[in-house]
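> Sequence:
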Amino acid sequence: MVSPAIALAFLPFVVTLLIRYRHYFLLFYRAVLLRKLRDSLTGVSREERAFRYVLTHAIPGDPLHILETFDQWSYHCEYLSNLGPQKAKILERLIYGQAPLTVLELGTYCGYASVLIAQSLPLGARLYTVEMDACRASVAEKVIRLAGFDDDTFYPETFQKSISMIYEGDSSDSPMHCISLK
Numbered sequence: 071m072v073s074p075a076i077a078l079a080f081l082p083f084v085v086t087l088l089i090r091y092r093h094y095f096l097l098f099y100r101a102v103l104l105r106k107l108r109d110s111l112t113g114v115s116r117e118e119r120a121f122r123y124v125l126t127h128a129i130p131g132d133p134l135h136i137l138e139t140f141d142q143w144s145y146h147c148e149y150l151s152n153l154g155p156q157k158a159k160i161l162e163r164l165i166y167g168q169a170p171l172t173v174l175e176l177g178t179y180c181g182y183a184s185v186l187i188a189q190s191l192p193l194g195a196r197l198y199t200v201e202m203d204a205c206r207a208s209v210a211e212k213v214i215r216l217a218g219f220d221d222d223t224f225y226p227e228t229f230q231k232s233i234s235m236i237y238e239g240d241s242s243d244s245p246m247h248c249i250s251l252k
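Note that the sequence shown covers residues 71 to 252 in my numbering.
Keep in mind the hints are simulated off the structure, nothing from the lab. You may find that some hints are simply not true.
What the hints assert, rightly or not - Each computed EDC-like pair below joins lysine to aspartate or glutamate, with the alpha-carbon atoms no more than 16 Å apart: (1) LYS212 with GLU117; (2) LYS159 with GLU138; (3) LYS212 with GLU118; (4) LYS106 with GLU118; (5) LYS212 with ASP132; (6) LYS159 with GLU148; (7) LYS157 with ASP141; (8) LYS159 with ASP141; (9) LYS106 with GLU148.
Said to hold, decoys possible - The following label-pair restraints were derived from C-beta to C-beta distances: (10) GLN168 with TYR91: 34 to 44 Å; (11) ILE89 with PRO130: 44 to 54 Å; (12) HIS127 with LEU107: 17 to 27 Å; (13) TYR99 with GLY154: 14 to 24 Å.
Note that the coordinates shown come from a computational prediction; the quantities given were computed from them, not determined experimentally. Here a beta-carbon is modelled for each residue, glycine too, at the ideal position from N, C-alpha and C.
Working from the sequences, and respecting the hints, build out all of it.
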């Protein structure tokens, strides 16, 4: 059993840690605890809530406005792990400089980077994006369609099969979610 005197001796240390690392505690509170609470109370995932916000506030068919709306959601409502405007400019410059005809994105999440890459690609180029989580894949597919990009969705059984399908151009029905943008 710990005596109260020893416990009180550590109180200034704990308070100092809380003050010094308050930003990390706030981030943990917002990104983990508050998220789980909202998910359980509403029964809707954070990604789906973000899509609903984008659907009501963004201009359909305008990829840049959709990305700006995602950024607004991330800054003012709930945190989303997206590129953000600063990193998006770096990625855009990279794509414009390289002008690739085929791009493979691993981990689509909400479709933010997919929309950014798709709108930066030259004509005739293709973007393949793979997401393991079915909920996130469906949100990403809706966001991509909202941005006005044509997509083919197929579900290969394994990751290696999806990579081989991308190179072969085949499609079938299986659990991994791969979206091919034309």
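> Look at each hint and say if it fits the structure.
Outcome of the hint check:
Note on LYS212 and GLU117: the hinted pairing holds, with a Cα-Cα distance of about 11 Å set against a maximum of 16 Å. With a C-alpha separation of about 13 Å, the suggested pair LYS159 and GLU138 falls inside the 16 Å cut-off, and the hint holds. For the proposed pair LYS212 and GLU118, the alpha carbon gap of about 10 Å is at most 16 Å, so the pair holds. Our distance criterion of 16 Å between C-alpha atoms is met by LYS106 and GLU118, whose separation comes to about 14 Å.
Taking the CA atoms of LYS212 and ASP132, the gap is near 14 Å; set against the 16 Å cutoff, the hint holds. At most 16 Å may separate the alpha-carbon atoms for a hinted pair to count; LYS159 and GLU148 exceed this at roughly 22 Å. A C-alpha spacing of about 12 Å is found between LYS157 and ASP141, which places the hinted pair at or below 16 Å, so the restraint holds. At most 16 Å may separate the alpha-carbon atoms for a hinted pair to count; LYS159 and ASP141 meet this at roughly 13 Å.
A distance of roughly 12 Å separates the Cα atoms of LYS106 and GLU148; the hinted pair therefore holds under the 16 Å criterion. For GLN168 and TYR91, the Cβ-Cβ distance of about 40 Å falls inside the hinted range of 34 to 44 Å, so the restraint holds. Checked against the hint of 44 to 54 Å, the C-beta distance between ILE89 and PRO130 comes to roughly 46 Å, which is consistent with it. Look at HIS127 against LEU107: about 24 Å separates their beta carbons, and that is inside 17 to 27 Å.
Checked against the hint of 14 to 24 Å, the C-beta distance between TYR99 and GLY154 comes to roughly 21 Å, which is consistent with it.
The structure fails hint 6 only (numbered hints given earlier).
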